[in-house]
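Protein chains: 2
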Amino acid sequence: MYIALDAMGGDYAPTCNIEGAVKFASEYKTSVYLVGNKSILEEHIKRQNLDISKLPIEIVHAEETIGMDESPSIALRKKRNSSMHIAGKLVREGKAQAFVSAGNTGAAMSIGKFVIGAAEGIERPGIAVAFPNKKGSRTVLIDVGANVDSRPRHLLYFAVMGHTYVKEILGTSDTPKIGILSIGEEEGKGNELVKDTYPLLKMTKLNFIGNAEGRDIFTGDFDVIVCDGFVGNVVLKTAESLGTIILEMIKEEVEKSFISKVGAVLMLPALKSFKKKADFTEYGGAPLLGTKGTCIITHGRADGKAIKNALKFASEFVNHDFNNKLLQNLNTLIPMELIRAKEEEIQE
Amino acid sequence: MYIALDAMGGDYAPTCNIEGAVKFASEYKTSVYLVGNKSILEEHIKRQNLDISKLPIEIVHAEETIGMDESPSIALRKKRNSSMHIAGKLVREGKAQAFVSAGNTGAAMSIGKFVIGAAEGIERPGIAVAFPNKKGSRTVLIDVGANVDSRPRHLLYFAVMGHTYVKEILGTSDTPKIGILSIGEEEGKGNELVKDTYPLLKMTKLNFIGNAEGRDIFTGDFDVIVCDGFVGNVVLKTAESLGTIILEMIKEEVEKSFISKVGAVLMLPALKSFKKKADFTEYGGAPLLGTKGTCIITHGRADGKAIKNALKFASEFVNHDFNNKLLQNLNTLIPMELIRAKEEEIQE
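Sequence order for the protein chains is C and Z.
With my numbering, the residue at position 286 of the first sequence is 286, and numbering never jumps.
With my numbering, the residue at position 339 of the second sequence is 339, and numbering never jumps.
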């Protein structure tokens, strides 16, 4: 197995990317392509006093780098010699089985969708985020932004991707409870997309349990919640931002009094443990499910440990033969003939 | 001015509703119609040792009550003698200027939309929630669930409603910064609805500053963010639920150690002050903007103080002549002719 790491993507690249790759390769004996500007990488490796000569790490030269603010089309069409584009190409060509980037999220998604390309049986890949929930488990929200304006059939695929992700990778359920994000719990509540998708989901062999509301992302009553990428992305960004602002507001209140400050110091270990548990963005990264190879997009703030975790996370998809399992599930859980008939009925 | 209070709606009705009405009427000398089952209300007033004889409170009998789980259509068509329906009718008939309910949210929205009805110039009312933001101000999200599948023109109206709400009621800005909820900051990013609405918003005289992302609900960079009711409702419920779960998770971590518990006790005043600030659901309630009279929907958990606040909140809309200001703003800020032409262009 080879994992192609975009060594130049992320706020702390290439320093932390190199550090993460070295830690991962030494600990798990798994091969990494370090894709980036060769002379810069070699200089950094030297400066960081690292020796990669005995590790399964290979530098693959890439002349260019995608900036954090550059548009996806630049990564796709203009900078074909960028570290991100070349890392994607290594997967498309079968030289690597997984792609990991902490760079520009929009660009990385495009590389996943169009350079690596959709997996067999899939029309549109979707990004999944595993939120921590009240029951101490995880709830997967998919799609959180790889697509806008999805059609019912795409949400169906997201459901199978989410099912396979929970069952094979997270391991939190063998029969994941699937829901569709809506407003109101009862069948028939929601917008056009939800109303059209609901009957299709009912026809699958998935453990579909109905509409989920915004609050259900955290209740633990669902293992997977599907939605279109527009709604999913808004929800993800709202949740990330609200988490941060709540901690900031608590901090601000605490700083108003000496006693509170003492209290906060005593509470520190508890708060830190909470923060770690709640930090869903750092959980290895978010997989873009449904691509030909594994594609992990991790946070721009990723440090060495986060990069190592992302590489480890990517290797789990390969080790569990995720894409084959996904294809099997598509074939066994979705009665495509029935669904096509229903789709035609909806369109009429 | 008369405010019609649904005395039977809410988890603690009619006890807290009566308590809130009495406090409000004594403090602000403003008249309240207490709408509900007369004998039950009189019995409760007696039991609570209250005397309403010298207060501007009038009981209006309503035989039925809408249950918290009954569908909006029951409130609209079947239970026409319910406290909620009769309170709405008092506004429609001009006998009251404002409607307040802590009952079944879906039912209250329907009463607002169809019994009270849309204000002049408005096609569809929208529910607004004022979230606290990092700058210590408020960001209004509208619509958070009065409609699903909105069209561009409706979002335009939501923008004017939000503008008027911020300027006249919240008083946090004279030229409210308006955004449209999307994914990605640049013009052209988003789903079909956003892409079609963006050029229309640019044509208005509103202070439209572009796309807002999920995180911007809390940054304070926007005073008003418009969205369709499906997305808005999902966001609202996600935010409410996440706020609760974060506090619960912190509590759980704290309880694991004695030192943390001591810390938490010392931090208590700070945490309480934070909780008060963050409790956006208790901020008087959410106004359903764009109805013929004022329509305030408050939380089912509303206690006496919350009911008093909701009544006070409702009276502010009447005192500030909100609906006339809204109509003026519609006429002066939206160049309808231009927008109609643009709409036709979009449809082609």
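The hints are simulated quantities; they were obtained by calculation from the structure and are not laboratory data.
Fair warning: there could be bad hints in the mix.
A pair holds if it fits inside one copy or across any two, identical chains being indistinguishable in the list.
In silico DMTMM-like links for lysine to aspartate or glutamate, alpha-carbon gap of 25 Å or less [to be verified]:
(1) Lys46 - Glu185
(2) Lys292 - Glu58
(3) Lys189 - Glu316
(4) Lys342 - Glu185
(5) Lys78 - Glu187
(6) Lys134 - Glu240
Hints versus structure:
In this assembly of identical chains, Lys46 and Glu185 lie within 25 Å of each other by CA distance neither inside one copy nor across copies; the values are 58 Å within and 39 Å between. Taking the shortest alpha-carbon separations for Lys292 and Glu58, only the intra-copy value of 22 Å comes in at or below 25 Å, while the best inter-copy value is 70 Å. Within a single copy, Lys189 and Glu316 get their C-alpha atoms no closer than 38 Å, and across copies no closer than 34 Å, so neither meets the 25 Å cut-off. Proximity of Lys342 and Glu185 under a CA criterion of 25 Å is satisfied intra-copy only: 23 Å inside one chain copy versus 37 Å between copies.
For the identical chains of this complex, Lys78 and Glu187 are inter-copy neighbours only, at 21 Å across copies versus 47 Å inside a copy, given an alpha-carbon limit of 25 Å. In this assembly of identical chains, the alpha carbons of Lys134 and Glu240 lie at most 25 Å apart whether taken from the same copy (17 Å) or from different copies (14 Å).
In this structure, the hints that do not hold are numbers 1, 3, in rising order.
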